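Colleague: Okay, here's what each chain looks like letter by letter:
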Amino acid sequence: MKRAILIILFFLFVFSGVEAEKIKFKPITKKELNVDKCDFYPEAKAVILTKVGEIDFQMDKSRLFYRYSEGVRIKVLDDDKKDVANVKIMLYSPENNLSGPREKVSYLSGFTYNLENGNIVKTKLEKSNIFSNRLNEHWVEMSFVLPNVKKGSVVEYSFMKESSYFTNLESWIFQADIPTCHNELTYTIPEYFFFQTRMLGNMHEVERKESWVSDLIGNETLRSRRTKLIVKDLPPVEDEPFVSNPCDLPLRMEFQLVNIDIPGRVIQQIAGSYAQLNKKLLENEYFGKAANRGNFPKELSEKVAGMGDLEKADYLFEWMKSTVAWNRKYGFMQSKTWRECLRDKEGGVADINLALTSLFRTHGLEADPLILSTRGNGTVHPTYPSFEDFDYVVSVVRIGDELYYADATARVPFGLLPPRCLNGDGWLVSASGGNMMPLKGHGGNVCAVYSTFQVKDGKIEVEIQAQDKEYAALAVSERYLKEGKEKFEDQLRDRYTEWSFSDFKYDADRDQVNQRFKLERPCGDADVLYIQPFLYGLASEPLFKRDNRSAIVDFPFHSRETISVTILVPEGYEPEPLPEGLAFLLSSKGALFTFQALEGLGRITLTVSFVMKKLMYTPREYPELKTFFDEYAKLAKTMIVLKKKQG
Amino acid sequence: MRFAVSVLWLLCVSLSAIAQKEYEGLNEYVISDVMHFTILNTKESRLERKYKVMILNDFAKDLNKITLHYDKFTKVVSLKVTITGQDGKVIRRYSLKDCRDMVVDYASFSSDSRVKYLDVVHGRYPYILDVEYRIDDKGSLFYPVWSPMGDEKQGIKSSTFIVSDPQNVGFRYRNGNVEEPRKEAEGNGFRYTWDVRDVKSVTMEPFNGNKEDVLPVVYLAPVNFEIGGYKGSMESWEKYGMWAYMLCTGKDDLRPEQVAEIKKECDALPSDRDKVRAVYRYVQKNTRYVSVQLGIGGWQPFAASHVHQNKFGDCKALSFYTCALLRAVGIPAFYTLIRAGSDMDEIPKDFPTSRFNHVIVTVPLERDTIWLECTSQFSPMGYMGTFTSDRYGLLVGEDGGHLIRTRRYGENDNVQKTKVDVRLFASGDAEMDFCRDYSGLEIENDGFVHLLNKSEDEKRKWIQDHSGFGNLELKDYRFMPLSGDEVPRTGYEIKGQLRGFATMSMGRLFLTPCRFSNIAYIKLTGKERFSPIMVRYPYIQEDTVRVTIPEGYREEGGIAPLSLETPFGDYRLAVRVQGEEIFITRRFCLKKGTYPRTDYDKFKDFITKVQLADRSRMVLVKNE
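Sequence lines, in order, name chains C and Z. Residue numbers 28 to 674, in our numbering, belong to the letters of the first sequence in order. Residue numbers 280 to 903, in our numbering, belong to the letters of the second sequence in order.
It is worth saying that the hints were derived from the structure and are not from the lab. Remember, it's a predicted structure, so these values are computed and weren't measured experimentally. Heads up, none of these hints are tricks.
Below are the BS3-like pairs computed for lysine-lysine, each with C-alpha atoms no more than 27 Å apart in a straight line:
#  : chain 1 : residue 1 : chain 2 : residue 2
1  : Z       : 802       : C       : 512
2  : C       : 178       : Z       : 543
3  : C       : 486       : Z       : 883
4  : C       : 545       : Z       : 881
5  : C       : 514       : Z       : 881
6  : C       : 483       : Z       : 888
7  : C       : 356       : Z       : 395
8  : C       : 664       : Z       : 774
9  : C       : 115       : C       : 51
10 : Z       : 344       : C       : 356
11 : C       : 512       : C       : 545
12 : C       : 572       : Z       : 698
13 : C       : 259       : Z       : 733
14 : C       : 363       : Z       : 395
15 : Z       : 329       : Z       : 479
In silico negatives: residues of chain Z with every beta carbon more than 10 Å from chain C:
#  : residue
16 : 459
17 : 462
18 : 488
19 : 538
20 : 574
21 : 627
22 : 628
23 : 726
24 : 827
25 : 831
26 : 832
27 : 858
28 : 860
Simulated restraints on C-beta separations:
#  : chain 1 : residue 1 : chain 2 : residue 2 : range
29 : C       : 269       : Z       : 398       : 27 to 33 Å
30 : C       : 508       : Z       : 759       : 45 to 51 Å
31 : C       : 164       : Z       : 800       : 40 to 46 Å
32 : Z       : 736       : C       : 508       : 38 to 44 Å
33 : Z       : 745       : C       : 319       : 51 to 57 Å
Note that the Cβ used here is the ideal one computed from N, Cα and C, for glycine as well.
All chains, please: the whole structure from these sequences, using the hints.
Modeller: Written out as structure tokens, the structure reads:
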């Protein structure tokens, strides 16, 4: 959500009152209309021929704003892609005027060009095909449908948006889900403004040109820096699994206003370093101060009085979880007071976790809030923070040398963040200056499975025990709570249609979920017994199916899994030579699995162990990663053969 | 005061006493729910609802998420929400101004359909939620449906539906699993009351049929209605169709040059069928689907000339335009309202209501009737899919509406044929030639038909994502183009290497050769069944698999053949070994049908046996 950082400008400088500059296209050519495929991406169903953008600043009375103009020309190559001519523009437009100024579209036009009997036919976008629709209290969507679009048409539109939110200019997206031949952005920024710009997303060659332009205002000259970026022949963005932030993928330019520095005046710092952000947040009424406020019940203090720090933290955390429910609102600034939260028994992420920090501090624990961006919301910039990048806050407690991360809005135990928070790094806001902290690495997918096979009275009996911890426990217990015991058991039973399933037990404490069940099926008095030993805990479908990859593979947490199987060899049988042991270590040493089969004292023991520590893999590492998981999946199909002894 | 205290105390006791039994396993428990619908006149009505629900945990997600729809004709007048704690104290109140106001119809490009939305959260369970709201309606095209059973894990103590008709305007109703209403006098007319009490929660089940087969539901509809200045009658399908026809009046306005353009495309064609195909292709080529639903535009199509000029429209506009073009070339064609969607409730034949959500075109030809889906850019002519096939539609003509039944696809239409040739190596890897043909509704399997128009890159990804054969190294593939009209055909071929097709373990090769087609996606969980079993879309899977085994190996454990014949369908698995070649043939047929819930065990038994047989394992061992 956009947040208005209103800056009152105590100075007045006037930009030349130029008439709104519209994006001008070169006249359409027959050549453009005759394009029948995209040269560098032949299978494209539509291609952006040109996309041109301009960003500049304007002053109107005493209001400073920026103009964002976009002009696009798209060639439709297939009937299936005629919908490129349906366009939506999002406008930040608070319903309540007091929440901030509204963005508006000051200019919009569109045309469709067709080649009919060798002549260029131009159809205009009519007003009746332009719609404006309020989506909710914050956003208005303006949309339009270009007419007369066929396979072969070129559609063209341009619009200009005016916005007062100039501390965070709208990002310019170079890359789309269809290929782009030419994309060009020009931004002109007065010398008094210092913007931090960053090029993000998929890599591609960018041509950059810079120049100075001057405007004469009275006798004063106002200089502006004009930057032009040109990108050519850009392939589309790919859609792939295991990408945690799809919004991070397209090649794009982001802007962050750092300061305004007008000669003879004090520099006005807008955004800046994390150190400045840290200071600002500490002093903020709805952040730093909120993390120090709150009246908590006396009984609670009495209750935790004699406890050790870890026990105390855990108790306070559980108390918070059971006292105030999460209302599904994100954010890192307090939106309601602790008193209101207590009254309503609900609050947002910031309300709850800032109060949690205060609760920890009140009871003598060392705790600080940590702001972060959730999975899907993009990753935060390592050096230039932007308020808008963050959408969440948790509490971090230091006990001895250990840091414990706590989020009282989720059904997680103390020390574990819910998966939505596991995204890159977050900023710990503390009086000692704060620092960047990795969010992943506290807790993993931890499980252990033990199975025992026994052949008795013409039957194979199996006992399976599974112990899940941390994120593995979280996933199981969440499903169990949601489905209820009966359905959960039914679903498990249905995985073993060949077997008769019995004695299912489930118990969970805060650290661990234990499941236990028995399977049984007749095997008669066969000469050869085939046993599939890995009935639980190993997936036989490979994790990755595609043969190549363009985005980074991003796992949310590390894994530690062990699966042990014991097969008691029945009287009169002997095993065929056991499969050989196996170990696979990624060349980055990021993940390892081992398999071992042993025999002795009338039993066969099989052990699989899987450990993954590294969580991000580049496309270059993908082939090896895929092979790794392919081989791991093969283990699930291992078979054990027992043969009747001869004679 | 003593009295009040003791009542409160009694209430607490009774609540906690119930808590043991009635709430177990529930997320929400409806203590009382009264929905009161008042018909003011043929145009206006008022809906007042008041419910008291106990929210038991944070999995509750129905009655605590208050979603009130409105549009140009309806208005949410008031809302009162109260949260009460276990101790009987009011904790919080909300009103209409606390609601979010949002667009709901994101599928539409532009729509005035919106909601007032309030997500009630309170962290101390259980708590009592009292909700009271009123919605006024200025149009009477839609009367409410009373369907007291909401979400899974929601129990009901008491739910009531009252319809007041004080002016004796008249209305119609249709009951499902409820008793006839009580009828009392009210004003110059009547008041009807339906009740349900003490109902267990619903369970979503696979192969579910119509809601009204099992759940309490009351459908309500007007006799005479009016919306946006358009008056009509819903007494019969004829009359309702008459109204829909009236909305289209004057919209058939193709200009002579526009008519000439389409005539030029069709004149030389020999048969009507060819002309229909030409018109349909023309529409697919020249228009695109854009949904715009504003005011009466939600039910009234754009004029044909407008579509011709702008080359886009929604289902109404594109269907109406197609009708106009067909008529221009001398072929009668009818605008047809339908309830689209693969798992929609049937529209009851004997109860005219406005429960349609889509429009298609009916073209009655001499020998057969063709239906056209005008919102698709690539659908074969006459293909209905699971979206609109085998259901009632309302054909709209000059003389009013006629209920028609759309094309039904039988099991012999919907066939998936797979032919695989596998050459297995001693390592367990295999070389594979795979060929699959789809016909009829089967072309929709795994979204296949939508892939035909996608890029090569996406086709390749689809094969890798959906093959389900294991670890496939794709060498070559080919997609067959769509052919045929009403019963289309398509398919694909792939060549590749299957790594680990067989598992090499302990001197043997283990393989499951029936893995290419199976029905593992049918999940019949649970022992008890509440609703009848309904198979809507029948189909046949036919597989022929040839496995060439590596030299020096022989079969140690084989696959047992199986033949099943049941009322639900049949299955045949046969295996023939011939030298180093193993031939497997498999056929599975699921028939269309509805069966009583008491047949569930037999149905499940059939499906399970098939699933087990599909997983049959073959063991090959090296010759000594």
